[in-house]
Amino acid sequence: MDALALLAIFALLLVVAWVVVTPLRRGAASQAAAREEADRQDLEAARDAKYREIRDAELDRETGKLSEEDWRALDRQLRAEAVEILRRLDELE
Amino acid sequence: MATVGRAALLIALLICAYGVIAAVYGALTGRREWVESARRSVYALAIALTVAFGILELAFLRSDFSFAVVAGHSSTSTPTFYKASAMWSSQEGSLLLWVWLLSLWSSLVVFLTRRRMREVVPWATAVLLGYGAFFTALLVFAVSPFDTLAQPPADGAGLNPLLRHPAMMIHPPMLYSGYTLFAIPFAFAVGALIAKRVDAEWIRSTRRFALGAWLVLGIGIILGARWSYNELGWGGYWAWDAVENASLMPWLTGTAFIHSVMIQEKRGMLKIWNVSLVLATGILCVLGTFLVRSGILDSIHAFGASTLGVPFVALIAGMSLGSIALVVWRRGLLRSEHRLDSLLSREAVFLLNNLVLVAMCFVVFWGTFFPLISEAVTGEETSVGPPWFSRYTVPLALILVLLSGIGPLIAWRRATATNLRRTFAIPVACGVVAFLALLFVPGVPQKPLALAMFALGAFVAGTVGQEIWRGTRARRAMTGEPLPLAVTSLVRRNRRRYGGYLVHLGIVVLFVGVAASSTFQTASDHRMSPGDTVRVDGYDVRYVRATAEVGNDPSGTGAMLSLGAVLDVSKDGRHVTTLRPARSFYPSNSTASGPVEWLVAGEPTSEVAVRSGPLKDFWTAVNPDMTRFQEVIDQGDKAVAADIPEMQQPMVAFRLLRDVIAPNYVENPPPAMFRMISSPLVAWIWIGSLIAIGGGLIALWPAPDAARRRATATLRARVAQDLGRA
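These protein sequence lines are chains A and B, in that order.
Heads up, the first sequence is in this note's numbering, so the first residue is 1 and it goes up one at a time.
Heads up, the second sequence is in this note's numbering, so the first residue is 1001 and it goes up one at a time.
Since the hints were derived computationally from the structure, they do not count as laboratory data.
Since we're looking at a predicted model, the values are computed, not measured.
Careful, some of the hints might be misleading.
A few chain B residues facing chain A, derived, Cβ under 8 Å [said to hold, decoys possible]:
(1) E1036
(2) R1040
(3) V1051
Taking lysine to any residue and the SDA-like style, the derived pairs with C-alpha atoms no more than 25 Å apart in a straight line are [said to hold, decoys possible]:
(4) B:K1266 <-> A:D39
(5) B:K1196 <-> A:L43
(6) B:K1571 <-> B:F1440
(7) B:K1571 <-> B:Y1539
(8) B:K1266 <-> B:L1420
(9) B:K1266 <-> A:A49
(10) B:K1266 <-> A:R79
(11) B:K1266 <-> A:V21
(12) B:K1447 <-> B:F1435
(13) B:K1266 <-> A:E44
(14) B:K1196 <-> B:G1268
(15) B:K1447 <-> B:L1436
(16) B:K1447 <-> B:G1538
(17) B:K1196 <-> B:L1108
(18) B:K1266 <-> A:S67
(19) B:K1266 <-> A:W71
(20) B:K1447 <-> B:Q1521
(21) B:K1571 <-> B:G1236
(22) B:K1196 <-> A:A49
(23) B:K1196 <-> A:E37
(24) B:K1571 <-> B:W1234
(25) B:K1196 <-> A:E68
(26) B:K1266 <-> A:L7
(27) B:K1266 <-> A:L43
Glycine residues also receive a C-beta, built at the ideal position from the N, C-alpha and C atoms.
With the hints as constraints, model all of the structure from the sequences given.
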């Protein structure tokens, strides 16, 4: 095995070790904040999905697939769920 | 360099082992630093495998025959374009490609979910790294791509000539991208089940990966069909071959999954069905990889017999049993939140669509594995052919097309009679008009299945057209935008919906092309000498003259000799086109033949000539009679062996082939066999595929994320405000 190959292997080991070990060196200090951030992003994704559902329902009404009455009931329910998500988002702040 | 490659693979295996342990430990203890370390193990895996992949690719490009795999699958005469893709013609190279792609897609998904789904992601990371561990372990312990030869040969065996086609550059990476992308929803489904987070969140987080997998696997399948049509010399694009079927099965279950997840997202239903579908798709992807590489089933695509049967069977068995156990374990959490309100609802249509797709997958599975099953039961290997597959898949495809027209039109929960009348009138009229019009086209009424497919195709096209028109009209009524802008805005704001409609249209166009070309095809074989004329489907085809090219292959595949023909095609006395099919011959892999024969004794390939048009393809392939040619070669070999020193023999043999044997073939050509096929609407198979790919890309493209902005108004007003902005 030549020296250059050894050097390349060592460099690769060093890089992957640095990538993998860094979070362990940082420790648990920032974990609470990370958890909160994860919860916030989950809620934001849920909110965006709810908005998509509301828009989908509107388009279904406009293209004649949902009656006015059905759409009103569905829209009311979806908006209430969106409000609940926003409330939970606000609680995180 | 081989040492560095080996070390990179070993490091990759260690990273996988560490990452699995760190992810599970982090998930069980809630220590985020370990979860984070596991996540970064996926990046480290991608780094190590990129190094390994780069080293092997470089070895192929440099024709470094000290690598056994390069010596076995490439040569100095292989064109550079194909040297780059020769890696995945080998078992070792293709497994490395598989796990490298897995590491890249896994890195992307763990990056995108780094601040989300904190209960699910650690388990999904462990599953993805588990996949990585399996494949890197194979590469480290069973089939190393970095094995070296003590005495490297002066030249390699060369790439299988059948694989020297541009589509083959990207066909395997596309299939493998599809397989590895489907590993992501598989891993997240497992994570969601273990973490008891079986709501729609894991589906939303991996939806794009599932859609991307479906898209690239579909592109891979189409590229394979294109290659088959242009390279294999039998004139078809789909043979229900075991390896083709292996990629079709996960595509079918993946298609079912992409549809049924919408029901879970909208209504919280079909949770067991969805996890089962995605788990089955993940398993079928591994099965597909195994079938391609194992050679356990006869296939025109089986490019290698493998020694990896036992580990793959163990993995597939483990995945299957583990998946079943997980679903049973969490069945209590997987209960539907709602019931099916009516059989006249979109949920019911989607469910039926799913059943049809899964039935198709089962038919393909049964037909593919029938040789193994019959051998196990009766001791005799019996296979089923295309007619068997068509008997079951054609009716199922017709139902599928019908459902792809009904699904977008029918309302969620319950459709009313008014709703049905209003939405179905125009599309049904389109289907009926097409049906009646086609009754007057000669030959069509006698083929009821094809007629049904054409009429249903018109129904679906009507559906898509109506949906786009009504959406645009509603948009214009709201915003007053001009028509082109309204269409663009409509699609931009509802990419998933309208991208999906385009996919439906593309698939239907493809099915119409398949129905027309397979039902109304005219195929015939002719033995012809120059000057002969035959009539095929109204075309007069005249064999004008023979051609021979030595070391000058126009399609750039590196063929040593191409024996071809010039065909003049005319109709009703008018010239239509000139076709130049050829048969290419390559140097042999063995050294046993004489110096002249060695130049042409490799596996020959057909260079087909096709005149493509929107209404009809005229396809030709030639197979020269080599009997007399072989006699001339044998004489040449005797002369060269007797009179020429061994060192000079290759050069003299080449000159003999170029200056004597090839011109002799042109001047005094023996009769050649021609296969001629006239097929209607083949071009629409490729056009339909492009439409479906375009629709898939639209559905895949991220939607504008306007809802991230925050408002200070009351919550209810904020919802309205956010929606108004998007």
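Of the numbered hints stated earlier in the document, which are not met by this structure?
11, 25, 26
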